[in-house]
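Participant: In case you want the letters, here they are:
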Amino acid sequence: MLNAKIPTGPLESKWAEYKGHCKLVNPANKRKLEVIVVGTGLAGASAAASLGELGYKVKAFCFQDSPRRAHSIAAQGGINAAKNYQNDGDSVFRLFYDTIKGGDYRAREANVHRLSEVSANIIDQCVAQGVPFAREYGGLLSNRSFGGTQVQRTFYAAGQTGQQLLIGAYQALERQVALGNVTMYSRHEMLEVVTIDGKARGIIARDLVSGKLERHFGHAVLLCSGGYGNVFYLSTNAMGSNVTAAWKAHKKGAAFANPCFTQIHPTCIPVSGDHQSKLTLMSESLRNDGRIWVPKKQNDTRKATDIPEEERDYYLERRYPAFGNLVPRDVASRAAKERCDAGYGVGSSKQAVYLDYADAILRYGKIEAGKQGRVNASQEEIIALGKEVVKAKYGNLFDMYEKITGENPYEVPMRIYPAVHYTMGGLWVDYELQTTVPGLYALGEANFSDHGANRLGASALMQGLADGYFVIPYTLGNYLADEIYNKSIETSHPAFEQAEKAVSDRIHQLMSIKGKQSVESFHKRLGKIMWDKCGMARNKEGLEQAIKEIQALKKEFWSDVRIPGEINEMNTELDKANRVADFIELGELMCIDALNRNESCGGHFREEFQTPDGEALRDDAGYMYVAAWEFKGEHQWDLHKETLNYDVIKPTQRNYK
Amino acid sequence: MEHYHMNLNLKVWRQKNSNTKGDFKTYQVKNISSEMSFLEMFDVLNEQLISEGEEPVAFDHDCREGICGMCSMYINGKPHGPWQANTTCQLHMRAFKDGDTIVVEPWRANAFPVIKDLTVDRTSFDRIIQAGGYISVNTGNAVDGNALPINKDNADNSFAAAMCIGCGACVAACKNSSAMLFLSAKVSHLALLPQGEPERKTRVLNMVAQMDKEGFGACTNTGACEATCPKEISLTNIARLNAEYLSASLSAEK
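Chains A and B are the protein sequences, given in the same order. Going by our numbering, the residue at position 75 of the first sequence is 132; the numbering climbs one at a time, nothing skipped. Going by our numbering, the residue at position 86 of the second sequence is 151; the numbering climbs one at a time, nothing skipped.
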């Protein structure tokens with residue numbers, strides 16, 4: 058079932074070789090070929106714009122009111138590229154190597170190498186579009202460092218890199234809309250893939266304003282619908298982020314790969330109460346200067362500032378002297394959980410640790426005083442100087458923290474806790490980004506291919522734009538070249554009729570339940586099961602229990618959910634119900650996948666498989682494969698394995714001590 | 066920081082769809098934590114309405130971290146509520162006290178018709194961008210990113226304008242419902258960069274023409290837009306837009 062179609066030849070020439078030999082579509086034929094793009098984040102907007110520029114007839118869909126709102130916009134830190142502008146030894150190979158290693162040797166070599174190759178083109182393209190990246194006084198582009206690497210390769214626009222890249226792609230997209238090459242359908246949600254003779258031929262979408270179902274034909278369908286972190290209810294994802302498009306594709310035959318690989322980000326603002334609707338990330342860059350600690354005494358109720366130095370446990374520095382506070386995300390998250398579970402957590406919930414800037418403020422203050430020649434500066438003056446420096450570097454993040462918590466992080470340490478942030482798993486795709494359904498593609502976070510079991514910081518933006526700007530324009534042509542003989546299919550075709558009926562039946566079924574519990578309450582319960590049993594640490598017993606609980610929850614949902622309002626109008630509860638129903642099914646598969654993988658790797662930590670000092674214990678002999686699940690019916694999946702071959706890189710144990 | 070709980074009276078605009086007339090409905094919410102965000106307080110209200118068998122209030126929201134620009138509530142007479150440089154989703158309930166009455170309306174502007182309750186149609190902003198808010202460069206045409214050094218001040222000012230989140234608070238705050246701050250932010254973002262130079266004149270003329278077509282009002286330099294902007298987009302962008310427009314209008318070749 059799985060053929061990754063990796064080109065033969067040496068790793069570094071595979072992509073050039075592919076581009077040199079893939080089929081092309083001539084301009085006159087491109088005008089006759091229709092492409093559907095679902096989702097308009099970095100991957101979707103860049104793909105829709107690039108395909109429109111090539112002359113294809115593109116229809117793009119998003120559930121928000123404008124393509125500019127997609128959740129790529131919230132990415133803070135930056136985008137990696139192997140430019141080596143800093144002359145610090147970076148190269149395509151090093152970016153490739155860091156990404157494979159960071160992913161704990163569970164990603165596909167050929168895809169990751171291609172990603173590294175095109176990374177430099179992304180920066181050039183974005184600059185040409187007018188993305189205002191940070192610059193040095195000489196007018197050249199600036200770089201910063203990020204976790205998991207030893208070079209400075211991250212390009213950024215203050216703490217709003219995702220916003221600026223998305224606006225660039227959005228503007229390119231709107232230009233194609235103005236030129237008539239792309240038709241934009243905002244406030245639309247894809248609810249089914251239409252397949253004819255085994256090929257993806259279109260979608261059923263719901264107009265979220267009128268509630269009407271629409272049929273749309275395409276010679277190919279591109280899913281750029283993002284990740285599924287909201288299965289945990291609380292995550293750093295946007296409220297609307299959902300798995301529905303990918304899940305519909307999965308149920309129509311597309312294999313779902315490594316669903317249990319989720320990234321828990323270590324520095325997020327902790328949950329403040331039951332009312333919490335989402336979690337907010339504080340950029341990884343804060344770990345550059347902040348020190349993470351908990352009290353040495355359990356259940357210590359003193360204020361942080363009242364706890365003397367010798368009674369603080371800087372546990373990351375203690376456990377990982379070599380990397381200290383800069384260990385990778387998965388390691389930092391687990392260490393925080395370990396301390397809180399052991400009773401050392403802080404704050405009213407006890408589910409938080411301190412991220413302290415007091416030392417950094419002093420250090421910067423002394424440097425600043427030195428620069429200004431103020432040898433006799435008092436402690437207060439040094440602190441005041443230090444605060445100015447910290448403000449210049451991290452001001453917007455500190456402000457955001459204060460807005461949310463009401464606490465001033467310049468005076469008291471921030472409280473942070475890990476939160477679900479990104480999903481490495483997704484629809485299985487081959488080298489051409491095609492799923493196991495011909496004509497159906499998955500780009501960006503919606504696919505599984507590049508980040509293995511753990512994603513490095515500043516690599517999500519890179520992958521989304523690589524897929525959309527530089528990969529799909531070639532690989533889609535290779536498929537569509539054989540489609541020029543196929544005229545557009547009328548949407549009165551029985552396949553469209555059936556697909557629309559299935560969607561309509563499901564919506565009517567949901568609306569007719571008229572139960573007692575709100576959609577939100579089900580989503581919260583699902584999230585709790587997932588977080589407790591398939592979150593930062595998993596074990597066999599818990600996962601088996603979770604599967605039973607989710608199956609029971611599904612039954613309860615379909616017999617007791619209450620959705621007010623009508624079908625043929627704007628109905629935000631119905632929108633949510635459609636999504637939560639799919640999250641429930643996905644949750645079960647995630648647990649099954651986590652149960653199957655009897656090892657710990659990257660973001661997947663099985664408590665049974667750890668080294669004596671609590672580190673992840675990989676099993677390369679048993680599990681160096683992609684777990685691709687084929688949907689077979691309610692609660693039933695078949696596992697297909699894609700063996701991962703490391704021809705260039707030799708997998709080793711990750712060690713940060 | 067001391068946390069507290071409060072009971073509130075909410076006067077919320079309810080409107081079934083764009084074809085029906087709307088009006089205010091009054092609701093009580095109890096035991097609201099000062100730690101909640103304003104939208105989480107609305108989540109509580111909506112759960113309450115659902116349990117009472119009523120339709121929840123429709124409102125736009127997505128990222129809930131102040132960057133997507135989707136949330137758009139007019140709270141006690143101010144777009145995004147009482148806090149400075151803030152979006153509705155980042156407004157927290159400690160801004161209110163027990164017993165307060167809070168009035169919540171949608172953005173009001175001819176160019177932003179109400180779709181339902183607090184949800185409005187802002188696609189007019191997309192059409193303004195379609196008129197010229199971009200640089201015409203196809204994928205693959207780019208030269209090396211460092212081939213074109215850009216003066217740091219210009220790059221920083223361009224970025225400050227490009228921070229606009231397209232929420233429309235500027236329009237909602239303006240007595241004339243003018244979109245000048247939004248439009249000027251995009252014109253400034255691109256005019257300050259050398260990449261934007263080739264289309265500099267046609268861009269500003271076409272975008273202004275589209276803005277007028279959409280039914281936005283005229284700018285009278287009152288500055289309500291700047292005062293309400295969650296990203297603190299400066300009024301100087303409007304001055305730059307006017308200069309750009311004038312120079313483009315006066316020059317012979319477009």
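Since the hints were made in silico from the structure, they are not lab data. Built from N, CA and C at the ideal position, the CB exists for glycine as well. Keep in mind that the hints are not guaranteed to be accurate.
Claimed, not checked - A short, non-exhaustive set of chain A residues, derived as facing chain B with CB atoms under 10 Å:
no.: 1; residue: P64
no.: 2; residue: K114
no.: 3; residue: R232
no.: 4; residue: M457
no.: 5; residue: S569
no.: 6; residue: I570
no.: 7; residue: I624
Claimed, not checked - The calculated lysine-lysine pairs, modelled on DSBU-like cross-linking and capped at a C-alpha distance of 35 Å, are:
no.: 8; chain 1: A; residue 1: K611; chain 2: A; residue 2: K698
no.: 9; chain 1: B; residue 1: K81; chain 2: A; residue 2: K444
no.: 10; chain 1: A; residue 1: K360; chain 2: B; residue 2: K81
no.: 11; chain 1: A; residue 1: K423; chain 2: B; residue 2: K217
no.: 12; chain 1: B; residue 1: K162; chain 2: A; residue 2: K585
no.: 13; chain 1: A; residue 1: K269; chain 2: A; residue 2: K62
no.: 14; chain 1: A; residue 1: K269; chain 2: B; residue 2: K278
no.: 15; chain 1: A; residue 1: K76; chain 2: A; residue 2: K62
no.: 16; chain 1: A; residue 1: K573; chain 2: B; residue 2: K240
no.: 17; chain 1: A; residue 1: K444; chain 2: A; residue 2: K423
no.: 18; chain 1: A; residue 1: K571; chain 2: B; residue 2: K90
no.: 19; chain 1: B; residue 1: K86; chain 2: A; residue 2: K571
no.: 20; chain 1: A; residue 1: K158; chain 2: A; residue 2: K707
no.: 21; chain 1: A; residue 1: K698; chain 2: B; residue 2: K278
no.: 22; chain 1: B; residue 1: K278; chain 2: A; residue 2: K460
no.: 23; chain 1: A; residue 1: K571; chain 2: B; residue 2: K81
Unchecked claim - Across the chosen pairs, the derived CB separations fall in these ranges:
no.: 24; chain 1: A; residue 1: D704; chain 2: B; residue 2: S116; range: 37 to 43 Å
no.: 25; chain 1: B; residue 1: D163; chain 2: A; residue 2: P708; range: 58 to 64 Å
no.: 26; chain 1: A; residue 1: P708; chain 2: B; residue 2: K162; range: 36 to 42 Å
no.: 27; chain 1: A; residue 1: E554; chain 2: B; residue 2: P147; range: 20 to 26 Å
no.: 28; chain 1: B; residue 1: G164; chain 2: A; residue 2: V328; range: 26 to 32 Å
no.: 29; chain 1: B; residue 1: K217; chain 2: A; residue 2: Y467; range: 23 to 29 Å
no.: 30; chain 1: A; residue 1: P708; chain 2: B; residue 2: N203; range: 38 to 44 Å
no.: 31; chain 1: B; residue 1: G142; chain 2: A; residue 2: P365; range: 48 to 54 Å
no.: 32; chain 1: B; residue 1: N203; chain 2: A; residue 2: Y703; range: 35 to 41 Å
no.: 33; chain 1: B; residue 1: Q113; chain 2: A; residue 2: N596; range: 37 to 43 Å
no.: 34; chain 1: B; residue 1: T287; chain 2: A; residue 2: A73; range: 54 to 60 Å
no.: 35; chain 1: A; residue 1: T65; chain 2: B; residue 2: N203; range: 28 to 34 Å
no.: 36; chain 1: A; residue 1: N465; chain 2: B; residue 2: Q93; range: 30 to 36 Å
Participant: Does the nearest C-beta of chain B fall within a distance shorter than 10 Å of the C-beta of A/K114?
Facilitator: 17 Å, violated
Participant: Quick one, are A/K423 and B/K217 close enough, alpha carbons at most 35 Å?
Facilitator: This hinted pair holds, its Cα atoms lying about 28 Å apart.
Participant: Hey, does the A/R232 contact hint survive, CB to chain B under 10 Å?
Facilitator: 5 Å, holds
Participant: Tell me if the straight-line CA distance from A/K571 to B/K90 falls inside 35 Å.
Facilitator: Judged against 35 Å, a Cα distance of about 25 Å means the pair holds.
Participant: Please work out if A/K571 and B/K81 have their alpha carbons no farther apart than 35 Å.
Facilitator: 21 Å, holds
Participant: Tell me if A/P64 is really an interface residue toward chain B, meaning its C-beta lies closer than 10 Å to one of theirs.
Facilitator: This hint is violated: A/P64 lies away from chain B, its Cβ roughly 21 Å from the closest one there, beyond 10 Å.
Participant: Could you check the hint for me, namely that A/P708 and B/K162 are 36 to 42 Å apart, CB to CB?
Facilitator: Given about 59 Å between the Cβ atoms, the range is violated.
Participant: Hey, A/K698 versus B/K278, does the alpha-carbon distance stay inside 35 Å?
Facilitator: Given that 35 Å is the threshold and the Cα spacing comes to 57 Å, the pair is violated.
Participant: Let's test the interface hint: is any C-beta of chain B closer than 10 Å to that of A/M457?
Facilitator: Result: holds, 7 Å to nearest chain B Cβ.
Participant: Run the distance test for A/K611 versus A/K698: straight-line Cα separation, threshold 35 Å.
Facilitator: Roughly 28 Å separates the two Cα atoms, so the pair holds.
Participant: Would you mind confirming whether the straight-line C-alpha gap from A/K269 to B/K278 stays at or under 35 Å?
Facilitator: With a Cα-Cα distance of about 29 Å, the restraint between A/K269 and B/K278 holds, given a limit of 35 Å.
Participant: Is 28 to 34 Å a correct range for the gap between the Cβ atoms of A/T65 and B/N203?
Facilitator: 31 Å, holds
Checked against the numbered hints above, the structure violates hints 1, 2, 5, 6, 7, 9, 10, 13, 16, 21, 22, 24, 26, 27; every other hint is satisfied.
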